[in-house]
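Residue numbers (the numbering used here), protein chains in the order written: chain A, 915 to 1292; chain B, 915 to 1292; chain C, 915 to 1292; chain D, 915 to 1292.
One copy or any two copies: either way a pair holds, since identical chains are not told apart in the list.
Here are the simulated DSSO-like cross-link-like pairs (lysine-lysine), alpha carbons at most 27 Å apart as the crow flies:
| id | residue 1 | residue 2 |
| --- | --- | --- |
| 1 | Lys-1284 | Lys-1138 |
| 2 | Lys-938 | Lys-1230 |
| 3 | Lys-949 | Lys-981 |
| 4 | Lys-1036 | Lys-1259 |
| 5 | Lys-1057 | Lys-1178 |
| 6 | Lys-1138 | Lys-1189 |
| 7 | Lys-1258 | Lys-945 |
| 8 | Lys-1189 | Lys-1230 |
| 9 | Lys-1284 | Lys-1124 |
| 10 | Lys-1259 | Lys-945 |
| 11 | Lys-1178 | Lys-1189 |
| 12 | Lys-945 | Lys-962 |
| 13 | Lys-1189 | Lys-1135 |
| 14 | Lys-962 | Lys-1230 |
| 15 | Lys-1178 | Lys-1230 |
| 16 | Lys-949 | Lys-962 |
| 17 | Lys-917 | Lys-962 |
It is worth saying that the hints were derived from the structure and are not from the lab.
There are 4 protein chains.
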Amino acid sequence: MSKPLNVGVIGCGFMGRTHTNAYKKVYSFFKPPFKPVLKAICDTNADKANAFAETWGFESVETDWRKLLARKDIDIVDICTPNNTHKELAIAAAEAGKMIICEKPLAMNTAEGQEMVAAVEKAGVPNLVSFNYRRVPAVTLAKNLIDSGRLGRIFHYRSVFLQDWTISSDLPQGGDSLWRLDVKVAGSGVTGDLLAHCIDTAIWLNGPIKSVTAMTETFIKQRKHTQTGKVEEVGIDDACAFMARFANGSLAVFESTRYARGHKALYTFEINGEKASIAWDLHDLHRLSYFDHRDESIVRGWRSIHVTDGDMPYMKHWWVPGLQIGYEHSFVHQVADFLEGVDKKQPVGPTFRDALETQKVCDAILASAKTGQWVEVG
Amino acid sequence: MSKPLNVGVIGCGFMGRTHTNAYKKVYSFFKPPFKPVLKAICDTNADKANAFAETWGFESVETDWRKLLARKDIDIVDICTPNNTHKELAIAAAEAGKMIICEKPLAMNTAEGQEMVAAVEKAGVPNLVSFNYRRVPAVTLAKNLIDSGRLGRIFHYRSVFLQDWTISSDLPQGGDSLWRLDVKVAGSGVTGDLLAHCIDTAIWLNGPIKSVTAMTETFIKQRKHTQTGKVEEVGIDDACAFMARFANGSLAVFESTRYARGHKALYTFEINGEKASIAWDLHDLHRLSYFDHRDESIVRGWRSIHVTDGDMPYMKHWWVPGLQIGYEHSFVHQVADFLEGVDKKQPVGPTFRDALETQKVCDAILASAKTGQWVEVG
Amino acid sequence: MSKPLNVGVIGCGFMGRTHTNAYKKVYSFFKPPFKPVLKAICDTNADKANAFAETWGFESVETDWRKLLARKDIDIVDICTPNNTHKELAIAAAEAGKMIICEKPLAMNTAEGQEMVAAVEKAGVPNLVSFNYRRVPAVTLAKNLIDSGRLGRIFHYRSVFLQDWTISSDLPQGGDSLWRLDVKVAGSGVTGDLLAHCIDTAIWLNGPIKSVTAMTETFIKQRKHTQTGKVEEVGIDDACAFMARFANGSLAVFESTRYARGHKALYTFEINGEKASIAWDLHDLHRLSYFDHRDESIVRGWRSIHVTDGDMPYMKHWWVPGLQIGYEHSFVHQVADFLEGVDKKQPVGPTFRDALETQKVCDAILASAKTGQWVEVG
Amino acid sequence: MSKPLNVGVIGCGFMGRTHTNAYKKVYSFFKPPFKPVLKAICDTNADKANAFAETWGFESVETDWRKLLARKDIDIVDICTPNNTHKELAIAAAEAGKMIICEKPLAMNTAEGQEMVAAVEKAGVPNLVSFNYRRVPAVTLAKNLIDSGRLGRIFHYRSVFLQDWTISSDLPQGGDSLWRLDVKVAGSGVTGDLLAHCIDTAIWLNGPIKSVTAMTETFIKQRKHTQTGKVEEVGIDDACAFMARFANGSLAVFESTRYARGHKALYTFEINGEKASIAWDLHDLHRLSYFDHRDESIVRGWRSIHVTDGDMPYMKHWWVPGLQIGYEHSFVHQVADFLEGVDKKQPVGPTFRDALETQKVCDAILASAKTGQWVEVG
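Turn these sequences into a full structure, and let the hints steer you where they fit.
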């Protein structure tokens, strides 16, 4: 029998929903060693918090996160608030001895991130940053294929995260779901929001990034701010591209934007090795493309692997071959792995320390975009 | 506030899981007028039933469906048992005044189906057969596009459901997940299991089927039977194809098999109208292909619609544009619609009566396959 | 040094162009044992024939095919005229001792075809029917893969040829490029024009077809006839679908229409074997899809083979890997193979006798469509 | 009647074939104002030249290009020799008053290119550099769509040219088809060979490139040289990526390599505008992807335009809808347009002057790759 583990979620926005859904589903499908209990939801807006509790079945509501952290009946704190709050919340949670799952990016910058890593490591609490795409089964499969050595020496890595939802100049910045356009809350634009995903996956699959050169652009320079009601300068990067060199000698190109008409969440990566190549695309997340030069030449070609069979990562817990899962399931896998790690007293990546590496790359990107120079990471 | 509605699920196999998951998720995402309560799970195998109850959080367990039906605290009975039990269970549930959701196909044959329809209509209970694919958002979108008249006069309909999981002659028939190979339990092979889905969607999208000519094949004539331990004749159709004429004058070709190497659950349909065409594929269920001849000629082409935006059927209840849902969500939509219909006292399709039309086509197919003649439906 | 071989082409419509282009290109790319010389073009319309000769560089013009056949300096006669002329021309050419390449379909019906076969075999002249798609490199590759036994026992074959160019009721029948709508000239509609291609490929890849059941439809019953100026009954089949059983025990579904909005020339086939499957699509003719169940399960998927490498059929004669050829090249390959066969005194398929098998299937289809019965082929 | 125009081709390697084939086909399909006559082939290797003349039907052979240029019966000189010869040949041809078609890239560097531009402009001879991909119909269609203003403000451009043919370290450098690996002959690696194509298309579609930052890599540092027989340093760039800013304010990312396992000639571009986006891929060169935000939202998606209809650029000269052309046809279009320009006394792009802009970007890339700095173009 699984032991209950009490969860307190902070923030009931989009990410509050994805994380809560994961806690709610994980037991029936994965039978992890702990059974999450939706103990408390916390949001400064009491109405939102109460509605969220009713919708999802949380047992209680808090509007002050300090009270939540002070509760003895909370085992895991799950931080789903905007980026500028992560540091304060995470450090306090660590000091309160809570296990922590924190939304990405880890922090506003590397300096903040380092404090957070120090705090969780000092407290010795299990910690994880929610770079959920690692646990899309096709992405995990890519990791397994790479780790098995099938690709041989790696020459190239390329990755994009393209969206188109901020093209209209009428879109305001700030508030609710638009805090991602407010640099004071988000820290950066696509770099921390989207490229951070690309970078986390890239480091996981291909090792450390040594140096970068970047360019950023803010296409729409001023937008009305929802909270002040005034037209203000836009401080975030609407688009960012960077080139990189990995420690393993491979070259990389990364690009992200919210101005690529026709792409909603086109997160892709491709990795080219001496013997084989792999490509993936979030818009069809249940497939993995694979090319193996060792195939007999007359039947050699890119394979589209429909990642739904029971021997694929995580898939035996779901349905039958041919029946796909979706976006939300990556969060269920994340919780399942985290609970397994708690039980085995083993860290589960990406830990805060892992996510700090991504933060360092983000900082290097933003620094390079200002100077036009190559910047060493770290 | 939604009123609680008590659910009793019969059968804890694959379909028991998909239906239970739907009851468990629907409230948080759809806020339907009723909130399903997992009141009882019923299975003749007590161990399985108890384990299932623990996994999913059912409040109680029954091993005799008569006892379940006799309980006053059960509002909906959900029948997830093999085909040869549908008739008895459904008629008894109707007589007990329960709302009924029944797995497809409706029955072993038309005669059984007619008794079932009579029973639910006499009892006046809300009833639905779980042809879940109608409620994949891309399929519902297809329905909306067709009903809006965009396609003009319809010329052609084609649909396949291709699998490859029974190619090995070592696979036994009968028992557990293999009852679909036992004609005494399943009634037929791919016709009732897979083509029934194709036919339900086809009638829904394109109206009544008037006549059919069919061919069937059983590639592997004998298989060991799990329950008897003996090698026995295989009574099901391994493959079935049929041609049809619809009442609206359009022509159709349907095919299903479990011997199409490389296809796990490749359910597709395509409909060609005078002005536009539509195609869909279960292996990428979040996309709909659409061609509109009215597009300017130099930019005319098949469009791949990524059905994830908030204005797509059901999608505003889930995530954000670009983030796909999967197979399981079609069942959540089905329950959401059913509960809405219960509240509004309106039938929600496919009702037993709707499903009877599909059953009639299946019977006509099997009859035609024996004689080689065209058979009128109904 | 290749010996010159004098070609006389009859008919300067669309097919006259494709065949002439092939004769003109074949030497530079394939260095066949004979070098075709464009000796004479023949068309009853002198203006068209003269213009065609100037455009393509024919040395002479004839307006009476009897004169062409009487010429001693003509080695090959290439028949590119409408279907209702094939018999007379081919028999006369055979009697004149000419080698013959004849456009498909072989004849208006089996009876005509038998006379033609008898004539060429009696005359002992090299003969070939231009089912050009056999020699698209990806299709030839499919043949090679099947013949090597990779697929194992074959279970299923399916093929369509879908077009949409006759949907408008304003389109007249008869004359020039529209003779394909005139039953007196074409013999049949999509059956002889499009399904004949599907059947030729199917027999080549999968062996003889034993029996069929078919349905046909003429969606637009009357069209103005270009030559009479009057609205007349349409005698051709606008659409035709049929189911078939092959001699090897596999099942097949075929469909063709000119009313599938969005498809210009969507000729596809797929063949499912016990161990592997193959699929091809004329709209991307330089690719072959291949699935091999023997691949390791975690990297198993449909492969898209870009058929452009030098070890692919015919491709070493063209460009470099990655650079595709197109439709016209299938005719060049056909001529190259034919000339090779002439040199080696070996028949090159599809001979008239091979094409007669396709004709028999077409006749069986049309017969079945009238009676609704299964019809044995031959 | 078209007037004859005498062509002298220099170089009978791969490009000699593609250009010669174009001269040979253009008249029958395009009826241009001039009819090219294959007057002379020139190659220093007499055996190769004689064989080439026999294969293609050239009337005469030269082994000294000076003699070719001295001939009065040569109107067009077509330069198909390696990059390090372009300057000398082109300037001499201009001085001899010949029309010139020169293979890309224009020159070894900008300085050479400027001399060449000066020479042709002083001589007043029609001149063109063979960036053939502009005239793939789908690419020309992209140009037309962009020029019509459909995309609105442009935000992003991205393009890659990925190959995998030099991954083996056993591949020597230098000689015959391998001169592209010899920096003394090629000038650069992928930059001049592949990125030059990407850049020419990009400038044509999206206007001038203002500044770039680049990185290059030589993965295999030493290779045996075919001509010296010794292992020598490899001087070319095996891979090159660069970021750029266009004069119109849009951002770009470009990448090319010969180490992307699985890609033979994957040349792609994508352009994202405020209202619409376009994407193209050489591996399926007969298709263009198009997304238009103005489409009604429920049927909005990327369209795959099968560029084969008669109203598509160049296509009315070929076959019928649905039947694709291939790589070689881009060269036929190039010659057709060039001859049309000669007749109308209008320059046809890319002229030497146009190609000089591409050369300047290449030089800026190579300079940036050395310093790691952003470099202004020009």
